[in-house]
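Trainee: Each chain, letter by letter, is given below.
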Amino acid sequence: MSELALMKGNEAIAEAAIRAGVDAYFGYPITPQSEVLEYLTLQKPEERTGMVVLQAESELAAINMIYGAAGTGKKVMTTSSSPGISLMQEGISYIAGAELPCLIVNVVRGGPGLGTIQPSQADYFQATKGGGHGDYHLIVLAPASVQEMADFVDLAFELAFKYRNPAMILSDGLIGQMMEKVELPPQKPRVSEFDQSWVITGKTPDRERNIITSLNLDPDLQYEHNMKLNEKYNRMSEEVRFETIHCEDAEYLLVAYGSSARICQKVVDVARGRGQKLGLLRPQTLFPFPTRELARLSRQMKGIMSVELSNGQMVEDVKLAVNGRVPVYHFGMPGGKVHSPDDVMVAVDENFIGG
Amino acid sequence: MEVNEIIKEENLVHRRTPLMTDAILSYCPGCGHGTIHHLIMEVVEEMGIQQETIGISPVGCSVLAYDFMDVDFSEAAHGRAPAVATGIKRLWPDKFVFTYQGDGDLAAIGTAETIHTCNRGENITIFFVNNGIYGMTGGQMAPTTLEGMKSSTTPYGRDAMKMGPPFKVTELVAQLPGTHYVTRQAVHKAGLVRKAKKAIRKALEVQKAKKGLAFIEFVSNCNSGWKMTPNQANQWMEEHMLPFYPLGDIKVEGKLVRDFCQELMEQTTEVK
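Listed in order, the protein sequences are those of chains A and B. Each residue of the first sequence is one higher than the one before, counting from 1 in our numbering. Each residue of the second sequence is one higher than the one before, counting from 356 in our numbering.
Please keep in mind that the hints were generated in silico from the structure rather than gathered at the bench. Each statement offered as a hint is correct.
Straight-line distance between alpha carbons at most 30 Å, and here's what the computed DSS-like set of lysine-lysine pairs gives: (1) K450(B) with K162(A); (2) K557(B) with K610(B); (3) K450(B) with K188(A); (4) K450(B) with K550(B); (5) K517(B) with K582(B); (6) K450(B) with K44(A); (7) K44(A) with K563(B); (8) K44(A) with K566(B); (9) K553(B) with K563(B); (10) K266(A) with K337(A); (11) K319(A) with K337(A); (12) K565(B) with K44(A).
Not close to chain A: a few residues of chain B, all C-beta gaps over 10 Å, as computed: (13) R370; (14) Q495; (15) G503; (16) A515; (17) N586.
Glycine included, every Cβ here is placed at the ideal spot set by N, Cα and C.
The following block holds chain A by itself, in its conformation from the complex:
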């Protein structure tokens, strides 16, 4: 039974996790996402579904608890914000190397360093290009509403288990903190049967022991492992998800995800009201990136602008997709400042429509 609620994005993630039948959450407090752990402990999920919730001594411990727990084949997740996610990178690299499914949520704040607790999209590179050491990728989902914060939990686990790969929900302090109406998904049972072929349950006489590891001392084996991972990342391209708004007849295109996409929706409405043919492409998956759709759309455009709460990160992927066919611009405010629709409108006028 689904139900409506008014919730913060962080609370929606937590409630959706219980309802998705998540088996364990390990986390550490950090602004602006502490509501996730607070909501979970308040809800007593150990009574509702048997879900384990544990506050770790650090993000480092939390991600390694995730690594251990993910090896059991169960649904496990953590949430944090930028500095905490940086601290988790070693563990995330191990999880990717050992091919373990899990969910990591980053409610991004401004950086670098301790930065600010205000919203930012400056962790795009870290999320989509690997983040830790070695050749790897996460599946990256970018919610633009409290509804998607809830919906993407289940989707993230579906993809994580399909590819045996860590998935990340890349949100930000704005989506995490704002309250919206959300239709909560029905309660799913926790899964009790597992794919025993690779998980650690204790060695039974009918099989060899299972080992969760990312260690291949022999470079030939590590080469094979890297090639196998790469083939997997290529296969993930079929999971690409995006939304297009007023793109059919558009001559100019904005590309934006998450909270910045919400701001750009307003910009497109205003521009259309003024008779300007502006469209919006909103990636819902950042890895895989909607490269083909962007390449296709670029053929009808006179200019494209990537709008992000940063000094320009996704714009590099936009440029790769567009491959020089039309001019690509960046607009966005870094450091925790959030651009208004008017700010974007000015950039639109200056950069391509008016210019």
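Fit chain B to the known structure of chain A by using the hints.
Mentor: Frame of chain A, contents of chain B only:
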């Protein structure tokens, strides 16, 4: 008498546990790791818990421990084995979960995980092998390196004023309410091997009874890192390591059984 007449069940004195795999141990001749691996697997076999046992291997000499012990294993990042064990145990509370860690892993880079896992009283078993040196990376100073002891990063001997004194992590975790059984053992003599095996059995029984965390330190040697022959290393360990890291139980049934306050006070005075 023919050989076949000798190889009979009634003449059996010792056999290798089938829970050790056929892989050739990667440890140096004379190293204590192999003996400790065997003892743990013998106890797992005797308790009949192979199908419920999950080990966590560390980063260090025993990074490939999963090649030798025939139970399900998870490799951990350097120092994070107790966190990995926590994650597994919280989801499989009825399985037997143990970590196998060296001194650099457990008492330097993983100190926070060690202390908090012990403090929470996770129902796991920690096997801690202390040879006072970083073996795998080539003999650098460990947190447990003795004062004056030479290593590749203390070529003139460890100076406690500059590098801090050796860290008695086992005495530290014994003071935490979450630990139920804490003991220090060694395996370089037959009698000690038998005692160590009893301690391993006791530790896993604590886990079976869900009484909290059991922690066993094994004071061991590193003849390669110490630049000694195996015999010299064992002798040096007897003369130098054991006076500083005395063998025996420290905490039993959740109660401290050895008063080590005076020892720690004396150590503190020396550093000053």
